[in-house]
Amino acid sequence: MNSTSIRRSAVFGTLSSLAGFVVVVALTFLGLLALTFFIGRVIPIDPVLAVVGDRATSAQYEAARVAMGLDRPLIVQFVSYVGDVLRFDLGMSVSTNRPVAQDLARVFPATLEMATIGIFIGIMLGVPAGVLAAARQGTWVDQIIRVFALLGYSVPAFWLGLVGLAIFYAGLGWVSGPGRVDIFYDGITPVVTGMLTVDSLIAGDGTVFRSALSHIILPATILGVFSLAYIARMTRSLMLDQLHQEFVTTARVKGVPEWQVIWVHAFGAIRVPLITVIGLSYAALLEGSVMIETVFSWPGIGNYLTTALFNADMNAVLGATLVIGAVFIVINKVSDVLYRILDPRSR
Amino acid sequence: MQVQDWLLDDSPASRGQAAAGRAYRVSLDLMRNPLAVLGMLIILLLILTAAFAPWIAPETPLGQDLTRRLLPPSPEHWMGTDQLGRDILSRVIHGARVTLLIVGLVAVISAPLGLLIGAVSGYFGGWTDRVLMGLTDVFLSMPKLVLALAFAAALGPGIENAIIAIAITTWPAYARIARAETLTIRNSEFVAATRLLGASHTRIITRHVLPLCTSSTIIRVTLDMAGIILTAAGLGFLGLGAQPPQPEWGAMIAGGRRFIIDYWWVATMPGIAIFVVSLGFNLLGDGLRDVLDPKAQGQ
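Taken in order, these protein sequences are the chains called E and X.
Note that my numbering has the first sequence beginning at 1, numbered continuously upward.
Note that my numbering has the second sequence beginning at 1, numbered continuously upward.
Where hints are given, some of them may not hold.
What the hints assert, rightly or not - These stretches of chain E come out as covered by chain X in the derived footprint (C-beta under 8 Å, 3 or more residues): (1) 26-32; (2) 145-159; (3) 189-201; (4) 300-309.
What the hints contain is simulated information worked out from the structure, not anything from laboratory work.
Built from N, CA and C at the ideal position, the CB exists for glycine as well.
All chains should be built: construct the whole structure from the sequences, respecting the hints.
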């Protein structure tokens, strides 16, 4: 084979694997839609009754049922549901009286803001901790880091949030309490990204920025603790795999300084799988934010979901579930693709 | 020393002896890991507390006394009292029963379900496999807590529905394991021999394939226990799990949430209980993984 045909077959291979990938992602999304549709159907709360009220006559009830399209066969209802979702129509929220899609677009940046700060804390502390534990394998440093990671797996997020509020807000007064910003600064910053710390910087408003930062730092740190535990554990085990390899021994024999063996040789080899680990924990943070946001009254998608649960606002519950699920899938698939692109062995 | 010799015999005479010998070796390895022993002690304590709750607890979990509301921890009330004057220690002790009930039932529902789906999927292969595993992957691709929340919301609040919701989100992992195991068993000679003897598919799956998949599934269930406890507590905290006045730890934290600033013990005590118990399961699971996973040996 000459070089052109090799290149062509490589391109063709990439294209066909890309097509397969798109099909898999599309099927997963369809499955997700089927799941939320099914949950919407098995609910004991009658959606028609919720609209017409329990004083309605049976004729009114029937008319509303037909108007909502609930008299059609399930498969027809499902197809029209998929069509609606593709047009970003997630129905109306009973509690906010706005389209659910609009609500979600409004609350999502707040969650993204908190999860992003959380993952940064997790990476900054978790990666060095994992590398250190692997380098000092079997010593007390390693034991402490291992036990700390297990503690992170065992603590209920909502409880840690409450205890954190009691200590750092009520007790020590180091941070601000629940909510996103002090109430007298609320709504004065023009919305650009929807992330208040970013928007206040764009507006050049230092006071709002400091207030927003002192509100976000505690919940984001607690979220970070959870990703820290996972990242540290995975980094440790990835590093141990490398440190037992022959090229590491070779480097040591050649007299390469130990810090260079660890940070350049061994760590260089785990950067790619680490991306997958970080992607997975970022996706997991979206899940963790459901509980944390509820405790901190943080106006993000998790708080929106739990508020909708209390109000039996099923459109909002399913919409939020759908969006969290979709983001979860996308992050997972993207880290999957990144891994394949960056790791030459998996091509 | 005769029992030990019998257990460590390299050529066991019966299936029972082989199984007992293996269990003995695993437990010997586990005993060498102090953290795993600590985890086992915690779980043993949980089981004993749950079994003897009415005798251990100083008071009934539901006994209200409004004259002694929100008392701080003291020699009379080790964990203080809550907003209705109930003794928190007694409620935490009785909560062990609720927690054990939840993890037990979730395991009993989801493990056989996952095993069966995985074994059927792996055994028949083809379209059965594709459809069942497609379904499994859809569940696996969803964040567990959010899915459990949505199901619990749809089924309505209550401890039974919370158990069902959590079980629905945990079975796919077991299906994956059972399928992988089945794929290696399916083409083995003894399965072919059984089939030649005229055994039906049902008999082969239930009598020959499933028993071989159980041990790896049991390990995975142990590893998942802490996660199940945390999810159940989360559902309880959001009001979707056990309902008041049931002494469920997550619901107790929700009850003490309003008082966290002035009366910290109301929400803190049940949280410590959740934390300790899930730490116990994590320590045991971690130790089990070290012992049973040959890849992790020496790490």
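Verification of the hints:
no. : hint    : result
1   : 26-32   : holds (count 4)
2   : 145-159 : holds (count 10)
3   : 189-201 : violated (count 0)
4   : 300-309 : holds (count 3)
Consistency note: the structure conflicts with earlier hint 3 alone.
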